[in-house]
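Participant: Sequence:
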Amino acid sequence: MTAYLAEYAWLGGDEVDVDVLIEVDGDRIRAVTPGVPGSASPAGATRLRGLTLPGLANAHSHAFHRALRGRTHRGGGTFWTWREDMYAVAGRLTPDSYYALARATYAEMALAGITTVGEFHYLHHDPDGRPYAEANAMGEALIAAAADAGIRITLLDACYLTGAPGQPLEGTQLRFGDGDAAAWADRVSALSGSDHARIGAAIHSVRAVPADQLATVAGWAAEQGAPLHFHLSEQRAENQACQERHGCTPTELLARHGALGRLSSAVHATHLTDTDIAALGDSGTTICMTPTTERDLADGIGPARDLADAGSPVSLGSDSNAIIDLLEEARALELDERLRTERRGHWSAAGLLRAATVDGHACLGWPESGRIVPGGLADLTTVSLDSVRLAGWAPGTLLESTVFAGAAQDVTDVIVGGNEVARDRRHLAVGDVAGALHRAITGI
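By this note's numbering, the letter at position 271 of the sequence shown is numbered 271, and the numbering carries on one by one without gaps.
These are computed hints drawn from the structure, not numbers from a lab. Where a beta carbon is used, it is the ideal one built from N, C-alpha and C, also for glycine. Errors might be hidden in some of the hints.
[Unchecked claim] Label pairs and their computed distance ranges (CB to CB): (1) Pro34 <-> Met1: 17 to 27 angstroms; (2) Arg74 <-> Met1: 52 to 62 angstroms; (3) Gly70 <-> Gly12: 36 to 46 angstroms; (4) Gly311 <-> Pro210: 43 to 53 angstroms; (5) Arg423 <-> Pro395: 18 to 28 angstroms; (6) Gln243 <-> Pro34: 47 to 57 angstroms; (7) Ala211 <-> Asp25: 47 to 57 angstroms; (8) Gly166 <-> Ala394: 34 to 44 angstroms; (9) Ala88 <-> Pro34: 49 to 59 angstroms; (10) Arg439 <-> Gly396: 23 to 33 angstroms; (11) Pro37 <-> Gly396: 51 to 61 angstroms; (12) Gly171 <-> Gly375: 29 to 39 angstroms.
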């Protein structure tokens, strides 16, 4: 058994607890005891100085987009012109180069306090669209990358069959397609999880999966009891195309084919009708907001608070990985809502942390993580309080200081399943994460 004594810890309430003894047996938390002074802690207990949180859940990532950071930010353009730059990177990746890039990207996530990633994966085949000898070579590369970076992964294997409604895949898109949803299901069924990996499903979007194929993907996820994620109404053009072809919104189309529900997550959910919001909330579909990417691509600000009030849990993701900082995504959820409504105070700091921890883990199929409780997975993230960003903090408002001013750079120690992954801001397995990233990106 291992013991940690957290100077401060967030145990799910509106304020922090002091001197929290966290006892770990294997990969699980055995006991949690607040108010234990150092003199009374077990011999050999490791002191965690600062604020200890449950490990953070990055509910939506495209690891290979990390190679685009800074390279798509000169000049203007639209989501659609950005997509062409993204395709250029996607066209050059191999299983080996994808592993190197993903391992370094996941190590960067670990340094930011992320202990679980939801990898929305659609880069399946070789550049000509032919399956690799090992049909899931690219997905297995991502699973291996997460293991070697020390974090958990839910591989959300995406069905992607058309370039637009009624249009075949072409160019780089050929790498994404399996022909039809039945072939997608056969391929993804060959993937298997492990202690650190779970397998989920994804519908890339209603523009990429024909209506008559949606139920196959949703049905596979339901049969497996697996998470089902999908991009939803990210662009107005997507909504318009859906209306023209199907006479309904993307939300309505997905609902008709059984894709909404408590194991489902809608990513972005930016341009919605009141009927869409009600359908998502009534079904308990989680909403994954990725504020940095939504701002970067000029997508718009989705009605997150309305969705939450309707019954949808909210999670957070780094998406394009333009930055990797879940504290930034958490505060951006609140601050973007303030811009949208011209009012303050839509979520408490604790509410934003719940989106980054318990609700994020739940939507990725890890309900036993995201809380510091007995029986939970021993996934912990400690934030130092000694930076200029947090100077002046007080115990009574420590959550507010951390959420509204803290940053990924303030994370010092990360524990996943009882194992140290980062200590004193250093990744123990990868070491030079910046160097690994630079080599992986420039080598593509």
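Participant: In ascending order, which of the hints set out earlier in this document are inconsistent with the structure?
Facilitator: 4, 8, 10, 11 and 12
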